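Asker: Which chain is which? The protein sequence lines are W and S, in order.
When we follow the working numbering, the leftmost residue of the first sequence carries the number 104, and every step to the right adds one.
When we follow the working numbering, the leftmost residue of the second sequence carries the number 622, and every step to the right adds one.
The set of hints was computed from the structure by calculation and includes no laboratory data.
It cannot be assumed that every hint is accurate.
Said to hold, decoys possible - DMTMM-like cross-link-like pairs, simulated, lysine to aspartate or glutamate; straight-line CA separation at most 20 Å: (1) 696/S to 295/W; (2) 729/S to 754/S; (3) 690/S to 629/S; (4) 947/S to 917/S; (5) 325/W to 842/S; (6) 696/S to 312/W; (7) 690/S to 647/S; (8) 325/W to 647/S; (9) 690/S to 262/W.
What the hints assert, rightly or not - Chain S is nowhere near these chain W residues, computed Cβ spacing over 12 Å in every case: (10) 113; (11) 159; (12) 299; (13) 387; (14) 392; (15) 393.
These numbers come from a predicted model, not from an experiment.
Note that CB positions come from ideal geometry on N, CA and C, so glycine has one too.
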Amino acid sequence: MVQLYHRYGALLATLLIAATAIWVLMMVVLPYLVMAEYSFHPNLPMMQQGGPDDVYTLSNYASLFSGIDLLNGELPDDFRVFLRTIWGSTLVTFISLVVCYPVAWHLAKAAKPEQVGLLILLLIIPFWINEILRTFAWYIILAYNGPLNSALLGMGLLDKPYRWLSGSGGVLIGMTYAFILFMMFPLINAIETLDISQVEAARDLGAPEWQIHRRIVIPHAKPGIAVGSIMVFVLAASSYIVPAVLGSPGTRWFTETIYIWFFEGQDWPRGSAYAFILLGLCVVFILSVMRIFRVGLTDIAK
Amino acid sequence: MSRDVSLDRVTMRFASYVAVNNVSLDIKAGEFFSFLGPSGCGKTTILRMISGFMNPTEGRILIGGEDMKGNGPNKRPTALIFQNLALFPMMSVADNIAFGLEMRGVDKAVRRRRAEELLELVALPDAADKRVDELSGGMKQRVAIARALAVEPQVMLLDEPLSALDLKLRQHMRAELRAIQRRTGLTFIYITHDQGEALTMSDRVGVMSRGQLEQVGPPSEIYNEPATAFVAGFVGENNVFTGRITEVAGGQAVVETGAGRFVGRNPRGIRVGTQVVMLVRPERLKPLTVAGPTPENPNVLSRSVDHIDFEGAFANVHLKQPDGAKPLSMHISNDGSLTDLVGDRIFTVGFAPQDALVLAANGA
Chain W
104 MVQLYHRYGA LLATLLIAAT AIWVLMMVVL PYLVMAEYSF HPNLPMMQQG GPDDVYTLSN
164 YASLFSGIDL LNGELPDDFR VFLRTIWGST LVTFISLVVC YPVAWHLAKA AKPEQVGLLI
224 LLLIIPFWIN EILRTFAWYI ILAYNGPLNS ALLGMGLLDK PYRWLSGSGG VLIGMTYAFI
284 LFMMFPLINA IETLDISQVE AARDLGAPEW QIHRRIVIPH AKPGIAVGSI MVFVLAASSY
344 IVPAVLGSPG TRWFTETIYI WFFEGQDWPR GSAYAFILLG LCVVFILSVM RIFRVGLTDI
404 AK
Chain S
622 MSRDVSLDRV TMRFASYVAV NNVSLDIKAG EFFSFLGPSG CGKTTILRMI SGFMNPTEGR
682 ILIGGEDMKG NGPNKRPTAL IFQNLALFPM MSVADNIAFG LEMRGVDKAV RRRRAEELLE
742 LVALPDAADK RVDELSGGMK QRVAIARALA VEPQVMLLDE PLSALDLKLR QHMRAELRAI
802 QRRTGLTFIY ITHDQGEALT MSDRVGVMSR GQLEQVGPPS EIYNEPATAF VAGFVGENNV
862 FTGRITEVAG GQAVVETGAG RFVGRNPRGI RVGTQVVMLV RPERLKPLTV AGPTPENPNV
922 LSRSVDHIDF EGAFANVHLK QPDGAKPLSM HISNDGSLTD LVGDRIFTVG FAPQDALVLA
982 ANGA
């Protein structure tokens, strides 16, 4: 701040800071505050808003969990969707990690330098296309009479076409595809900083290949794994397009539930409360990952 | 138990570049052998071939008489100490040392005990539970040695492991390495570009240049009887006189140089008329009281002082050469009379014929 004043003078610096502050306030803070305010009010007709019934309440938050009957194994629909979103996002994160790790290892350490540029370009090019279009492309690929089923039938791996889009398979595949680069690049960056002589030292001391990865490479790449997992999980949990396009009624995502409460149920308070619960879920996930991987915010910033 | 290591006509090519050219050598079991040479001479390539990280394009590498072809680094009885040590920063000192044992499926308690024994051996007790980044340079060095010893190798390979240390520590670690080698009786193969390291520690030194072994021998032989002009120039300092042989007799040669006519040893029996270099070590150049050449002192020069570097134990007197060539260097040991050494005076200096070595010019 002092440096800013020093460099641009009092007037310009004040203007710059004011513009930034207004932007943050209007575009970021204010909408959240409005939503937060909504989430603590009952859903009342316009006429009764501000009236005697308009009191602060936690009922919107509680409504997600009301009706849980663990004894009889009964779960309310919204809560079921919430659990599916957590489980699905975790699965997408895990699949991304498993798919990315060998590729990232290859790009960071094994590939020849002149190949790396080309390979990274090939990774990026598909992401120049709009996310909705890419998701629709998967819709076509995974369709009952689509190319994937034809190919698998042609190779004799399937007897009859598989309904990819009726279960969670399509959503998981689509999301893994949509967010994979957010796992890829943190991993590549992390593995790249590993001194190759550490790998050689481990090999020289008798370590087989899998032990080198388990004891040397993965511990070194931990910050990258943490960053990638956080990104993919948060993006997956808050994704709307992929479940909307590739999902079926039986695989609704929590974002869709929020949408429904806002625009079909006309219950903005409950929609807001659910949105904050989703935010809370992401924060909890981020904090747990940081705890499990024993990385701090500074490691992640790297 | 230690093993001997043999290189049998080993050649290593990278595309068109020949890094190691037809090197044959037998390193005895329990020997401390150093490869000495400038960077890019192929010494690191040789070490990586012995350790199994590279395979020679031609020739064989034998350890204990067994051809190592097809055996990776984890299947050879060697342990390599890396130039940057390559300790594992995410593991404790004890876990670093025990890593090789862990990979061999050794029981945890046994590993721990072995790590502590080895820390004792390298004079670092109490360090077992420290983190690697808590250690000083010298301590890391010792941990790296302990980690390599833990897998009970028969041959230790060391890739300039002392180069990151400061001078005092480096000298101390030389003695320590030598002591560890004696205590364990292992074959040590050491890579360095530092002639001091090679000469002080080794049983034998192999001097390398451009992928070839120029000379192999004990340190004193390398220093006193360099086989080629390259070895003479790389190991220790030399005053070089270039010229042509005019006379050969009784193992000696008379060389007509730009600085005068000198007599020196001619162990290679180089013939009259050949272009040669005559090499005289700075400590063999001595101040004389005579005025001119005599039959006992055939090599006499009178030169004015260019400048004097006082080194403590000796003074390095630089003497101007008439034709503007590189000044001659003469070491005068500090016997207490050095205080009256001042510039701007003429020294009459000489060297005995047996202290001047005549070699073919340009290593030919």
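Asker: Work down the list of hints and note, for each, if the structure agrees.
Answerer: Taking the hints in turn, this is what the structure says about them:
Under the criterion of a C-alpha separation no larger than 20 Å, the hint pairing residue 696/S with residue 295/W is inconsistent with the structure, at around 27 Å. Using a Cα cut-off of 20 Å, the hinted pair residue 729/S and residue 754/S is violated, with the two alpha carbons roughly 23 Å apart. Between residue 690/S and residue 629/S the alpha-carbon distance is near 12 Å, which keeps this suggested pair within the 20 Å criterion. Distance check on the hinted pair: residue 947/S and residue 917/S sit about 27 Å apart at the alpha-carbon level, beyond 20 Å; violated.
Pair hint residue 325/W plus residue 842/S does not hold up; C-alpha atoms about 53 Å apart against a cutoff of 20 Å. For the suggested pair residue 696/S and residue 312/W, the alpha carbons sit about 13 Å apart, so the restraint of at most 20 Å is met. A distance of roughly 17 Å separates the Cα atoms of residue 690/S and residue 647/S; the hinted pair therefore holds under the 20 Å criterion. Our distance criterion of 20 Å between C-alpha atoms is broken by residue 325/W and residue 647/S, whose separation comes to about 45 Å.
Only pairs whose Cα atoms come within 20 Å are accepted, and residue 690/S paired with residue 262/W is rejected, the gap being roughly 49 Å. Consistency note on residue 113/W: stated as away from chain S, and its beta-carbon is indeed over 12 Å from all of that chain's, at 45 Å minimum. Listed as a non-interface residue, residue 159/W keeps its Cβ farther than 12 Å from every Cβ of chain S; the least gap is roughly 49 Å. Its beta-carbon lying about 9 Å from the closest one in chain S, residue 299/W breaks the requirement of being farther than 12 Å from that chain.
Its beta-carbon lying about 27 Å from the closest one in chain S, residue 387/W satisfies the requirement of being farther than 12 Å from that chain. Residue-level check passed: residue 392/W sits 18 Å from the nearest beta carbon of chain S, beyond 12 Å. Under the 12 Å C-beta cut-off, the non-interface status given to residue 393/W relative to chain S holds; the minimum distance is some 17 Å.
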